[in-house]
Structure formats: C-alpha cells, structure tokens
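Just so it is clear: in the sequence shown, position 137 is 140 by our numbering, and no numbers are missing.
Hints were generated in silico from the structure; no laboratory data involved. Among the hints, a few may not be true.
Taking lysine-lysine and the DSSO-like style, the derived pairs with C-alpha atoms no more than 27 angstroms apart in a straight line are [stated by the list, open to error]: (1) Lys284 with Lys254; (2) Lys265 with Lys254; (3) Lys11 with Lys254; (4) Lys265 with Lys284; (5) Lys11 with Lys75; (6) Lys163 with Lys11; (7) Lys254 with Lys17.
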Amino acid sequence: MGISQYIKEIGRGKQGARSLSREQACDLFGQILDGTVTDLEIGGFCLAMRIKGETAQEMAGFLDATHARLNKVPAGDKPLVVLPSYNGARRLPVLTPLLALLIARRGLPVLIHGTATESSRVFVPHVLQALGIDPLPAVRAIDGGEVVYLPTELLSPGLKRLLDVRKAVGLRNSAHSLVKLMNPGAGPAVIVSSYTHPEYAVSMAAVFELMGSTALLLRGTEGEVVADARRLPQMDGFIGGRRVALEEGRKGTLTSLPELPKEIDPEATATYIQEVLAGSKAVPDSMALQVEHILRLAEGT
Numbered sequence: 004m005g006i007s008q009y010i011k012e013i014g015r016g017k018q019g020a021r022s023l024s025r026e027q028a029c030d031l032f033g034q035i036l037d038g039t040v041t042d043l044e045i046g047g048f049c050l051a052m053r054i055k056g057e058t059a060q061e062m063a064g065f066l067d068a069t070h071a072r073l074n075k076v077p078a079g080d081k082p083l084v085v086l087p088s089y090n091g092a093r094r095l096p097v098l099t100p101l102l103a104l105l106i107a108r109r110g111l112p113v114l115i116h117g118t119a120t121e122s123s124r125v126f127v128p129h130v131l132q133a134l135g136i137d138p139l140p141a142v143r144a145i146d147g148g149e150v151v152y153l154p155t156e157l158l159s160p161g162l163k164r165l166l167d168v169r170k171a172v173g174l175r176n177s178a179h180s181l182v183k184l185m186n187p188g189a190g191p192a193v194i195v196s197s198y199t200h201p202e203y204a205v206s207m208a209a210v211f212e213l214m215g216s217t218a219l220l221l222r223g224t225e226g227e228v229v230a231d232a233r234r235l236p237q238m239d240g241f242i243g244g245r246r247v248a249l250e251e252g253r254k255g256t257l258t259s260l261p262e263l264p265k266e267i268d269p270e271a272t273a274t275y276i277q278e279v280l281a282g283s284k285a286v287p288d289s290m291a292l293q294v295e296h297i298l299r300l301a302e303g304t
C-alpha cells in the first residue's frame with residue numbers, strides 16, 4: 004500500500020505538518036519494519052518526522068507496531084530489567100554494565116539491548132566482552148541474577164535497518180527514541196530510560212503513561228541510562244503508566260566524587276567495574292540510589 008499518504012501529512016514542514024493518529028502511526032511504522040516500502044519513502048519519513056517531531060500518540064503507535072513484531076524475550080519468574088544502550092562513551096567511562104551487574108546481584112534478570120550508532124565511541128558490548136560476557140547469538144529466556152546483551156537485530160531486523168539509516172543521512176530518526184521506550188520482553192518489565200534534553204523528559208513520560216509502562220526515567224550519562232556518577236539526577240518512576248515519585252535530584256556536582264577511571268577504553272572500564280563489584284571501590288552514590296529505585300519499581304509490577 005505504501006506510506007506516501009502519511010508522508011504527505013507529516014511532511015508539510017514544522018508549521019504545516021499534521022499529526023497522525025495512533026492507529027495511522029502503527030500502520031505506517033509496521034510497513035517500515037516489514038520492509039514493504041521503498042528506501043525513498045523511508046528517507047522521506049525519517050526527515051519529515053525529524054522536522055515535525057513525534058507526538059506521544061504517534062510514538063505509542065510506533066511502539067504498537069514494534070511490539071507486535073518483536074522477537075520477545077520469554078517471560079520468567081521475575082520482572083525483566085531492560086537497559087537500552089545506543090550511545091556509548093565519548094568522554095566518560097560507559098558504566099551501563101556496572102548498573103546491570105549491580106541489579107543482577109540483587110536477583111533480577113537484566114537485558115541490555117543495543118547497536119553501535121557511531122564509530123568513534125566505546126560501546127557496551129566492548130566492555131561486556133572485557134568482562135567475559137559475550138552477546139547472545141539468539142533470543143532466549145533470561146535467568147534471575149543474569150546479565151545478557153542482545154543486539155537489536157535479533158529483536159527486530161527491521162528496527163536495526165531503520166537505526167542504520169542514520170549512517171546514510173547523518174541524522175537520528177524516530178527509531179532512536181523508540182528503542183529507549185520499548186519493552187522487548189513477553190512479561191512484566193522495568194524499562195530504564197534516559198534523555199539528554201529536558202523537553203524529552205516530558206514527551207517520554209507521556210509515552211510511558213499512554214503505554215501503561217513500568218519504567219524509570221532520568222537524565223543519563225552521555226545518552227546512556229546510567230545515573231551520572233558525579234551528580235544526583237532527578238529520577239521519575241512509572242508503575243503501569245502511573246507516575247510515582249522517586250528522586251527529586253540535586254543541582255550541581257556532588258561534593259564527594261567517586262574515583263572513576265581516567266581512561267574510557269573497555270579494559271580500564273572493566274577493571275573499574277570489577278573493583279566496584281569486589282568492594283575495593285565504592286559504588287557511586289547516584290548509581291546505588293538508581294539500583295534501589297529500580298528494585299522498588301520491580302516490586303510494583
């Protein structure tokens with residue numbers, strides 16, 4: 004059928020574009036994920052939506068289409084903690100693996116999903132491999148206390164293709180926001196999500212409410228879902244789409260700073276993580292609080 008009728012609505016520029024209903028957005032995104040539209044249509048969609056911006060209803064429709072097509076992680080006895088990882092490290096060590104291992108140590112299954120979106124950063128799989136954790140070759144159930152990494156293409160080849168459009172056009176598209184909001188599990192889950200600009204805190208919260216998600220939302224570290232070890236960010240929670248107060252946060256830099264590694268390469272980061280887990284270095288205060296908030300949300304699922 005094609006998506007030209009939708010591009011005509013969303014592609015009229017920032018002032019003239021019209022928003023789609025949730026049902027229309029679901030149909031549009033489903034066709035993209037199924038690979039039934041042309042590359043030109045995909046490029047038109049990506050650029051039009053980049054200029055217009057997604058409404059909460061549109062993003063909910065995109066998620067509806069995605070969830071209907073995901074190769075989902077089978078449900079287990081405990082809620083799955085989901086850590087999307089698509090940004091990696093540029094100036095600071097990427098500590099998403101540390102967050103995952105701290106949560107798993109408390110008995111919950113942890114899924115990290117992602118793919119490299121840039122070539123000049125250190126990404127989570129590099130650090131995990133330095134810790135002896137290889138990417139899974141296929142989707143499977145995750146045990147309590149286990150950390151796994153799933154490349155996006157195993158969850159959804161269509162979603163991986165859409166993320167890769169950035170390499171051709173040089174711009175992020177709706178898929179880069181969607182992967183931070185989706186639940187790849189077949190059962191209860193706590194989605195840990197982050198934003199880089201304050202306006203996204205509002206739009207992402209609206210999507211979690213619409214989707215009835217259980218989630219933790221915070222301003223992350225260089226786009227990763229880890230609380231900045233140097234600060235105490237605001238953390239907002241959602242249980243079944245209902246907002247719950249978690250952490251008000253604190254402005255500015257903390258007075259007592261953790262001893263982070265000076266280098267951000269995978270080996271140095273892995274060594275630091277091992278030292279924290281062994282107790283020879285302290286867990287950063289903001290991360291310790293983040294873990295407790297995630298556990299609280301998991302109890303509410």
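key: Hint check, failures only   = 3, 5 and 7
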